[in-house]
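Visitor: Take a look at the letters that make up each chain.
Protein chains: 2
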Amino acid sequence: MRKIILNLAVTLDGYIEGPNGEIDWLETGGGPPEDAAVESHFDKFLATIDTIFYGRISYEKWGEFQPPEGASVAETKLWNGVHSKNKYVFSNSLKKVNGKPEVINSDISTQVQQIKKQPGKDIWLYGGASIITTFMNLGLVDKYLLAVFPVILGEGKPLFSEIRNRVDLTLKSTTPSSGVILLEYDTKR
Amino acid sequence: MRKIILNLAVTLDGYIEGPNGEIDWLETGGGPPEDAAVESHFDKFLATIDTIFYGRISYEKWGEFQPPEGASVAETKLWNGVHSKNKYVFSNSLKKVNGKPEVINSDISTQVQQIKKQPGKDIWLYGGASIITTFMNLGLVDKYLLAVFPVILGEGKPLFSEIRNRVDLTLKSTTPSSGVILLEYDTKR
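Protein sequence lines correspond, in order, to chains A and B.
Residue numbering for the first sequence follows the numbering used here, beginning at 1 and increasing consecutively.
Residue numbering for the second sequence follows the numbering used here, beginning at 1 and increasing consecutively.
In short, the hints are calculated from the structure, not lab data.
Incorrect hints may have been included.
[Stated by the list, open to error] Once the Cα atoms are required to be at most 35 angstroms apart in a straight line, the calculated DSBU-like pairs of lysine-lysine come out as:
no., chain 1, residue 1, chain 2, residue 2
1, A, Lys172, B, Lys77
2, B, Lys77, A, Lys188
3, A, Lys157, B, Lys172
4, A, Lys95, A, Lys77
5, B, Lys95, B, Lys172
6, A, Lys44, B, Lys61
7, A, Lys157, A, Lys121
8, A, Lys143, B, Lys95
9, B, Lys143, A, Lys44
10, B, Lys95, A, Lys172
11, A, Lys157, A, Lys117
12, B, Lys157, B, Lys172
13, B, Lys172, A, Lys3
14, B, Lys172, A, Lys188
15, B, Lys61, A, Lys157
16, A, Lys96, A, Lys116
[Unchecked claim] If you want the footprint, here are the derived chain B segments under chain A, 3+ residues with CB under 8 angstroms:
no., region
17, 2-15
18, 150-157
19, 168-182
[To be verified] Have a look at the derived ranges for each label pair, beta carbon to beta carbon:
no., chain 1, residue 1, chain 2, residue 2, range
20, B, Ile108, A, Ser130, 49 to 59 angstroms
21, B, Asn165, A, Glu64, 53 to 63 angstroms
22, B, Asp168, A, Glu64, 51 to 61 angstroms
23, A, Ile108, B, Thr76, 36 to 46 angstroms
24, A, Asp107, B, Trp79, 47 to 57 angstroms
25, A, Asp107, B, Gln66, 30 to 40 angstroms
26, B, Asp168, A, Gly120, 56 to 66 angstroms
27, B, Glu64, A, Asp43, 46 to 56 angstroms
28, A, Glu27, B, Gly139, 21 to 31 angstroms
29, A, Asp50, B, Lys85, 51 to 61 angstroms
30, A, Glu102, B, Ile23, 19 to 29 angstroms
31, B, Asn20, A, Asn80, 19 to 29 angstroms
Even for Gly, the Cβ is constructed at its ideal location relative to N, Cα and C.
With the sequences and hints as input, model every part of the structure.
Guide: Spelled out as structure tokens, the structure:
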């Protein structure tokens with residue numbers, strides 16, 4: 001069955017954004033943003049998925065994001081790759097435009113299980129924090145791919161928030177890359 | 001100059017204890033507690049330090065801890081190693097018994113800088129959470145050695161709490177061991 005994969009960048013103290021949405025710490029890795037190893041890692045990841053799950057806020061911010069003119073070839077390629085995927089947005093309020101995107105606003109667990117049973121590649125749980133909490137508390141996250149950046153922010157939006165039950169994991173791989181450590185965990189079933 | 005090293009075990013979501021002091025997750029690593037790689041890693045660490053800094057609660061709990069009868073050779077050796085170090089306790093209330101331990105209750109920054117300037121090996125900042133916060137906010141932690149265990153607890157005592165300023169780090173090494181990932185960071189100066 002298709003897996004649901006949480007894949008995102010996090011500070012060493014577990015924040016996905018600073019208190020005002022800051023993500024400048026993504027450049028603390030010591031290498032350029034297009035760092036070859038991270039890029040290749042992400043390219044490989046994108047090839048394993050064909051579907052992306054967003055919360056509404058994340059979708060409105062990043063769901064149709066286009067890199068600015070003059071963006072690097074790598075960045076343009078990355079966003080083209082992201083936008084080639086099927087997208088679902090979990091929201092009670094989002095309105096479709098021309099029938100897009102697919103919106104799920106009820107029976108999350110049932111609907112997600114149905115999507116998982118469809119043939120296809122794995123599914124990227126994009127975020128943000130609220131949908132991550134919902135999915136974790138429904139036991140719907142199969143794999144965690146975390147890029148841990150070498151910074152302690154002290155405050156911000158935590159990755160893990162209001163998690164109701166302990167989750168035991170299996171460490172599958174660790175890949176250091178320009179000061180960042182990429183951690184892969186599977187949920188123990 | 002001697003370095004102050006924070007060395008402890010933490011869950012993937014950043015807790016050093018569960019809400020009721022639980023540390024049973026230390027056995028989630030997939031290997032036995034005496035796992036050879038972790039043990040050897042810790043032995044090497046102990047050889048690099050000659051001094052331990054405790055908060056009062058941690059000292060009262062672990063500062064003179066003796067493993068139970070029938071403990072393994074490895075565990076007994078570990079605690080003998082710990083107890084062979086010089087110990088300082090940061091506390092306003094702790095009373096010495098027979099002149100032990102050394103207690104520091106004022107001018108932490110000044111007194112710690114004096115200890116750092118003395119000849120000797122590095123210093124282990126043992127914890128708990130309160131003294132870690134104090135040391136981090138005074139800019140006194142030089143190195144972080146974190147053993148990240150493969151579990152999301154959801155609640156508990158956070159390692160990083162009330163940190164006032166962002167801390168930029170340099171990733172020095174990563175060592176996977178039986179499902180645990182050992183991370184070594186230096187504070188950027």
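Visitor: Please write out, lowest number first, the hints stated earlier that are contradicted by the structure.
Guide: 5, 6, 8, 10, 20, 21, 22, 23, 25, 26, 30 and 31
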